[in-house]
Structure formats: C-alpha cells, structure tokens
Amino acid sequence: MLLEFALIPKTSCQNLLGKASLPGVTPVLVREEMMIDAGFFPTDRNQVYELPKDDLFLTGTSEVALAGLQGGIYWKKVGFPARYVGYSPVFAERLAHTEKILGEIFWVHQFDKVEMFSFCSPEESWNELEMLREIEQEILNELGLPHRVILVASGDLGAPAALKYDCEVWLPSEGQYRELTSCSNYLDFSARRMKTRIKSAEGNQLAHTLNGTACAIGRTLVFLMEHCQQNDGSFVVPDVLRPFCNLDVIHPKQ
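So for the sequence shown, our numbering puts the first residue at 2; every next one is plus one.
A portion of the hints provided could be inaccurate.
In silico SDA-like pairs for lysine to any residue, Cα to Cα no more than 20 Å straight-line [said to hold, decoys possible]: (1) Lys254 x Pro10; (2) Lys77 x Met2; (3) Lys77 x Lys196; (4) Lys200 x Ile218; (5) Lys77 x Lys254; (6) Lys254 x Arg220; (7) Lys196 x Arg32; (8) Lys254 x Glu227; (9) Lys77 x Ala202; (10) Lys254 x Tyr75; (11) Lys77 x Glu227; (12) Lys196 x Leu207; (13) Lys20 x Arg134; (14) Lys20 x Glu131; (15) Lys254 x Ser235; (16) Lys20 x Met132; (17) Lys77 x Gly156; (18) Lys20 x Ile9; (19) Lys77 x Gly204; (20) Lys54 x Phe92; (21) Lys196 x Gln206; (22) Lys200 x Glu125; (23) Lys196 x Glu33; (24) Lys20 x Gln138; (25) Lys20 x Phe112; (26) Lys20 x Pro10; (27) Lys196 x Leu70; (28) Lys54 x Lys20.
With beta-carbon atoms standing in for the labels, derived distance ranges [as the list claims (entries may be wrong)]: (29) Val250 x Pro173: 28 to 36 Å; (30) Leu158 x Leu30: 24 to 32 Å; (31) Asn128 x Tyr178: 37 to 45 Å; (32) Pro123 x Gln231: 45 to 53 Å; (33) Trp171 x Thr44: 29 to 37 Å; (34) Gln231 x Ser155: 40 to 48 Å; (35) Leu23 x Glu203: 38 to 46 Å; (36) Leu158 x Glu135: 41 to 49 Å; (37) Trp127 x Gln255: 38 to 46 Å; (38) Gly204 x Ser174: 54 to 62 Å; (39) Gly73 x Trp171: 40 to 48 Å; (40) Pro90 x Glu34: 18 to 26 Å.
Honestly, the hints are just simulated from the structure, not real lab data. Here the structure is a predicted model, which is why all the values come from computation and not from measurement. The beta carbon of each residue, even a glycine, is placed where N, CA and C say it ideally should be.
Starting from the given sequences, assemble the full structure and let the hints guide the process.
So, in structure tokens, the structure goes:
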C-alpha cells in the first residue's frame, strides 16, 4: 500500500508537472461517443465493461476523458503543445480473462494508472512522441528497472495509432521482458472525430493527439517486487520512492 501511494506522486507530480503538464483526476464512467472519439470503439468494445442501464462505460485509460476535454475546441497555436496528466482507476474486461487462462495475475480487471496525454500541432507530434517515450524511460531508470524499447509492428497497432512504442521490463521469474508502459501518436485520428482544431496564420488545421503510460501502479509493483526483494523477504525501497513513504526497507511480518 505504501509503495502504491509513493508511485502516484512520484510519477504524476515529480516527473510530469515540471514538464508543463496539467493534472486531473479523471472520471471512470464515460458515454459511448467519447469511446468512439478516442478511437476505442468499435474495435475494442469487447474489452470494456458496460453499464447498459445508464448507457455508460468503464474506461481502460484516462486518455478517454482527457481527450474529451477538448472536443470541438479551436486552439490558438501559441498555446501548444497542451499536455495533461490524468490519474484514475482503470478497468479491462477481456484481458483479465486471457491471463487467467494462463494462470497469471499480471493483468487484472482493475488497477490504477497515471496517464499522459498531449494535444499538439502536426509538425510537433513526432517530437512530442519522443518526449513521452523519454519520460517513460526516465521513470523506469529512476526506479532501477532494466528495460528495452520496442517499436510496435504495424499489424499489432490499434486502429487510432500511427506509431507506438512499448517499454518492456525484464521479469526474472519468467526469464523474459514484459510490457509495462507504452506511448502512441494518433496523428489526427481522434482530433478529426472530436473536431479539435488549431487556429493559425496559415489557416485552421486538425490537432494531433498522443498518449503514454507514465505508471501502471499494480503492474509496476510486480516488477519492483522481483527486482528489489531480498533473500530474507525484505524489500529495499528504490531511492526515488523513499521521500514519499519514509522507509528505506520494508521488512516481512514475523
């Protein structure tokens, strides 16, 4: 519990707010049109919990609500890029069943996540994607988690993404790398649906949207436990988390 509480301010405040990110605790219940605008429907509908009585859906990421903040907005170019950081519980229906078949608990139905989301001009979006990737790697390096970056093959991309990076962290118990975070450039896919545009001297143009996972709290704990737990069962708290939990070592209960 202490580590979970430590990861939230470490990633959302220390790593992101200094990079001109606006914070928000986002809603987990959204309307269908928001899922469509964000690019999750119709392709990923089978992964989302639905509340049919209320015509609402439980989101699998804060980016859905963050994207909806700027629907129908005309931005002035001088205000770009606009960066947001959202924190919320998130929900996944299909993935938990898949992992249960494999006898794993790596993916669960609900976990907490800190998400990055950017609106920017078309000429800025590729540099913005590299910045999101660098932030993800910065966090992993500070936590002491060995990782590699994968450029995701086009056949494995979701419908909205033009390009996506996965950051995979080494999981000693499995002897392999497992995905922990990712970041994507949607170009104008979502902005076109949301009618989010930029005003400039050259005329109006569609914005570009990007997103990235700053920290999936529960999954991050899985990797930290494997890399920081000692033979006697104690857990050495990473240096960057110690100011947030006031502990250097967590000892097992006797």
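Evaluated hints:
1. Lys254 x Pro10: violated, 26 Å
2. Lys77 x Met2: With a Cα-Cα distance of about 43 Å, the restraint between Lys77 and Met2 is violated, given a limit of 20 Å.
3. Lys77 x Lys196: holds, 14 Å
4. Lys200 x Ile218: violated, 38 Å
5. Lys77 x Lys254: violated, 57 Å
6. Lys254 x Arg220: violated, 23 Å
7. Lys196 x Arg32: holds, 17 Å
8. Lys254 x Glu227: holds, 18 Å
9. Lys77 x Ala202: This hinted pair holds, its Cα atoms lying about 10 Å apart.
10. Lys254 x Tyr75: Violated. Lys254 to Tyr75 sits at ~56 Å, over the 20 Å cutoff.
11. Lys77 x Glu227: Given that 20 Å is the threshold and the Cα spacing comes to 47 Å, the pair is violated.
12. Lys196 x Leu207: With a Cα-Cα distance of about 7 Å, the restraint between Lys196 and Leu207 holds, given a limit of 20 Å.
13. Lys20 x Arg134: Status holds; Cα separation ~13 Å.
14. Lys20 x Glu131: With Cα atoms ~14 Å apart, Lys20 and Glu131 stay inside 20 Å; holds.
15. Lys254 x Ser235: Since the Cα atoms of Lys254 and Ser235 sit roughly 9 Å apart, the hinted pair holds (cutoff 20 Å).
16. Lys20 x Met132: Measuring from Cα to Cα gives roughly 10 Å; hence the hint holds.
17. Lys77 x Gly156: Answer violated: Lys77 to Gly156 is near 35 Å, above 20 Å.
18. Lys20 x Ile9: holds, 16 Å
19. Lys77 x Gly204: holds, 11 Å
20. Lys54 x Phe92: With Cα atoms ~18 Å apart, Lys54 and Phe92 stay inside 20 Å; holds.
21. Lys196 x Gln206: holds, 10 Å
22. Lys200 x Glu125: holds, 15 Å
23. Lys196 x Glu33: holds, 16 Å
24. Lys20 x Gln138: holds, 15 Å
25. Lys20 x Phe112: At roughly 25 Å apart (the allowed maximum being 20 Å), Phe112 and Lys20 break the hint.
26. Lys20 x Pro10: holds, 14 Å
27. Lys196 x Leu70: Within the cut-off at roughly 12 Å; holds.
28. Lys54 x Lys20: violated, 41 Å
29. Val250 x Pro173: 28 to 36 Å: Violated, at about 20 Å.
30. Leu158 x Leu30: 24 to 32 Å: 27 Å Cβ-Cβ, so the 24 to 32 Å window holds.
31. Asn128 x Tyr178: 37 to 45 Å: Taking Cβ atoms as reference, Asn128 and Tyr178 lie about 27 Å apart, which means the hint is violated.
32. Pro123 x Gln231: 45 to 53 Å: holds, 50 Å
33. Trp171 x Thr44: 29 to 37 Å: At roughly 31 Å between Cβ atoms, Thr44 and Trp171 fall inside 29 to 37 Å, so the hint holds.
34. Gln231 x Ser155: 40 to 48 Å: Between Gln231 and Ser155, where Cβ atoms are some 43 Å apart, the hint holds.
35. Leu23 x Glu203: 38 to 46 Å: Given a distance of about 26 Å, which is not inside 38 to 46 Å, the answer is violated.
36. Leu158 x Glu135: 41 to 49 Å: Given a distance of about 21 Å, which is not inside 41 to 49 Å, the answer is violated.
37. Trp127 x Gln255: 38 to 46 Å: This hint is violated: roughly 54 Å between Cβ atoms.
38. Gly204 x Ser174: 54 to 62 Å: holds, 55 Å
39. Gly73 x Trp171: 40 to 48 Å: Cβ of Gly73 to Cβ of Trp171: about 44 Å, so the range 40 to 48 Å holds.
40. Pro90 x Glu34: 18 to 26 Å: holds, 22 Å
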